[in-house]
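Quick mapping for you: the protein sequence lines, in order, are chains A and B.
Residue numbers for the first sequence follow our numbering, so the first one is 1 and each next one is one higher.
Residue numbers for the second sequence follow our numbering, so the first one is 1001 and each next one is one higher.
A hint or two may mislead.
Listed next, the stretches of chain B that the computed footprint assigns to chain A, with coverage defined by at least 3 CB atoms under 8 Å from CB atoms of chain A [as the list claims (entries may be wrong)]: (1) 1089–1101; (2) 1150–1156; (3) 1186–1197; (4) 1347–1354; (5) 1377–1383.
Keep in mind that the hints were calculated from the coordinates and are not lab data.
We treat Cβ as the ideally placed atom computed from N, Cα and C, and that holds for glycine.
What follows is each chain in one-letter form.
Number of protein chains: 2
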Amino acid sequence: MPAAAIVDQLAVRLSATLGSGGVSRGDDVLRAHGSDESWHPPAPPDIVVFPASVDEVVAVVSACRETGTPIVPFGAGTSLEGHIAALQGGVCVDLTRMNRILRVDVGDMDVTVEAGVTRKQLEARLLPEGVFFPVDPGADATIGGMVGTRASGTTAVRYGTMRENVVALTVVTAQGRILRTGSRARKSSAGYDLTRLFVGSEGTLGIVVEATLRIFPTPEAISAAVCSFPSVDAAVACVVDTIQIGIPMARIELLDEIEMDAVNRRSGLAYPVAPTLFLELHGSESGVAEQSAAAAEIAAEHGGSDFAWATTQEERTRLWHARHEGYEAVLALRPGTRGYVTDVCVPISRLAECMAETRRDIEEAGLFGPIVGHVGDGNFHVTFLVDPDADDEIRRVEEVTERMVRRAIEFGGTCTGEHGVGYGKTRYLELEHGDEAVQAMRSIKDALDPAGLMNPGKVLP
Amino acid sequence: MPAAAIVDQLAVRLSATLGSGGVSRGDDVLRAHGSDESWHPPAPPDIVVFPASVDEVVAVVSACRETGTPIVPFGAGTSLEGHIAALQGGVCVDLTRMNRILRVDVGDMDVTVEAGVTRKQLEARLLPEGVFFPVDPGADATIGGMVGTRASGTTAVRYGTMRENVVALTVVTAQGRILRTGSRARKSSAGYDLTRLFVGSEGTLGIVVEATLRIFPTPEAISAAVCSFPSVDAAVACVVDTIQIGIPMARIELLDEIEMDAVNRRSGLAYPVAPTLFLELHGSESGVAEQSAAAAEIAAEHGGSDFAWATTQEERTRLWHARHEGYEAVLALRPGTRGYVTDVCVPISRLAECMAETRRDIEEAGLFGPIVGHVGDGNFHVTFLVDPDADDEIRRVEEVTERMVRRAIEFGGTCTGEHGVGYGKTRYLELEHGDEAVQAMRSIKDALDPAGLMNPGKVLP
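Throw the hints in and build the complete structure from the sequences for me.
Structural data, given as structure tokens:
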């Protein structure tokens, strides 16, 4: 933790640079900036700054560097593994004032935005242009935060994650210099892939201040559907067949029976209380119609109910609104509890087995945790509902989560499909990647941030 | 260059490990392993080794490390920027004995192969399974080489490059240890993206010995077509519209009139001698039919000739064979010359302009250089035909190439879309990426290969 005198001096210096409105040391502001939406203990920073330009970020990093002060970047605060906790105190760099959409190019199908632009803000700007940015993690996260955690969500099965959809980045380095990665070319073999190195680095290698992203033409036709299955196994088998045959699903979400019950209650719906797939197809009118029929046929082979295809915007909005409200719906099932969300991802051939063993664990531990999955990617979340005062319950949740992560890694998968490592999952990194890979990651961290000031305590164990 | 005595000792030691058949110092072998298909001066290694296993690669790297001997990995030798030239001598690690396909999984749609497996070998193995690996650089390169150069080719517009299609890697590090990157999960947010860091690193950070790759279901229907245009501008405008409207082209290749003339002569065809698009669509029967019609309509708007769609395997094979023979076809136009191939890539909105200015440069310099482009990606190649004895001609080719690269970078593009940096393009790296990014790349190189033994003189200036 920086000494109080250093913090005082730094605050004065930063106020001189950013103006007094650009710096805050108020208790509420500090507390809000040390907390995310996770279960992990929050840790407030000593100072929060609100830079409005790349140059102001440079000034902040330079000042921190000279005083040896840790730096934690902050977007919407919606991350789930303690990414923004200021574990060693220091300066939180809130990027939400850097929220300009700098360039929209429907010819080259790319946009450049400042890191503080939120997903929904970008969506609204792109809608009238007939294009969209596909990565949708649910929360209205900032693009900078989504770059940091290598976010994905419901559409990754078709459009990929942030890994595939970031074209180029502007980063303020640990040395307080401006580094640009990538060009606007769609592909390049010119040197090491720094863009992909910063995507998913969670602010530990530098602060992402601008991002160039791929966009896509809004499909001519979109069709969404809901289909229930006799078992999770049957639903997953349906997904595997769908992917093997090459139907280009835009979304394939699985909700288990508990989650469906919650969704019905929350949204006043009457879906069967059974494992259910929410699907979406994008394409031409006839293409979508043909693919819908093919998907329905595969579903029927696995005991799926009749598909109810929703082709109008209103129907689809209702359907996906219900899906996206899943988290709140689940929380409402057990008032007074808080959600504890897990995030493993496995090869799809092991998904049914992984979910079944997880379900058994949950039941044996006497816990309450519905499952929802981006099953086209092999990624699923358990939302444990936990009484914050029941230590024994928390312990059991942690045990089941630990087993789930170890199982996923054993099955050739990962401890986190899309939420990131933060400080909640650093202890799984060696188990997943092995000693040699983690050592290589640490060498890279030391090379780019030798003083260790960039979001310390995150990603690496 | 290692001293002769060290080379002698090392050869003895390596022979003891790999057997005498696993080590060669024959002149022809050394010469063949120091030359690629480029114009750059070759540089033979001192020793060539042919390891048959990961452990043997570890043994080779360890021996080289202890003696401070440079290490250059080698696949098919088809690279184009001097990647495999042993600029400081040392040991060439020929990976072609490591050519086992270790695992094919059509459930998870991935395969794991040793680095020496060639593209066509993999294609043949996957064909009966009803799946395919999409990255096709033309040459029958090894997968290891394609990983190293971040290769792509005609299908990148639909399926992406090696960047998108490598799931995980096994690498022998500069320390002679085995590092595994990635898991088999389709996505992950667990730590720095080492997989993408090694893809495109050209053997300068370690030796890729195994790769897990994505595969795709063979499309139900494939349709290919040829369409000629009044000008390169018109052809490119057609491509831009096609992409903007979201037609999922599997290939979009542009050949200029000189290239078409060459192709006609070589393959006994009678296509109009005009800028021409070679297209391919993948999907269901009706989907492909619908997209063909939409593409034809857009082409007609830009003055394109009637499409001749080839839907049978034989017709398509003939068509793409003609396209793939383009290089040989062009060489045949001026017997006694050698090809000098360039490789820029720009945002597609600047492509027509970039090609037009390049064409003007070529004419003004009195050079002969047909253009062929993966235009869906904004990537194109000029194949200069150069008399190896005409120094003045070589100088003019180099000048035009230099201008082409600078123009591409100025247009927001890259000095190499798919061939890589090798030692032929190191001098453009700072121009393209800026000082700060190149310094970051160098820090990473120093962190992972502190002794600088891994393919020295490549990638970094």
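Do the hints match the structure? See the list:
1. 1089–1101: violated (count 0)
2. 1150–1156: holds (count 4)
3. 1186–1197: Coverage by chain A holds for the region 1186–1197 of chain B (11 residues, Cβ < 8 Å).
4. 1347–1354: holds (count 3)
5. 1377–1383: That given contact holds, which follows from 3 residues of the region 1377–1383 of chain B lying within Cβ reach (below 8 Å) of chain A.
The structure shown violates just one earlier hint, number 1.
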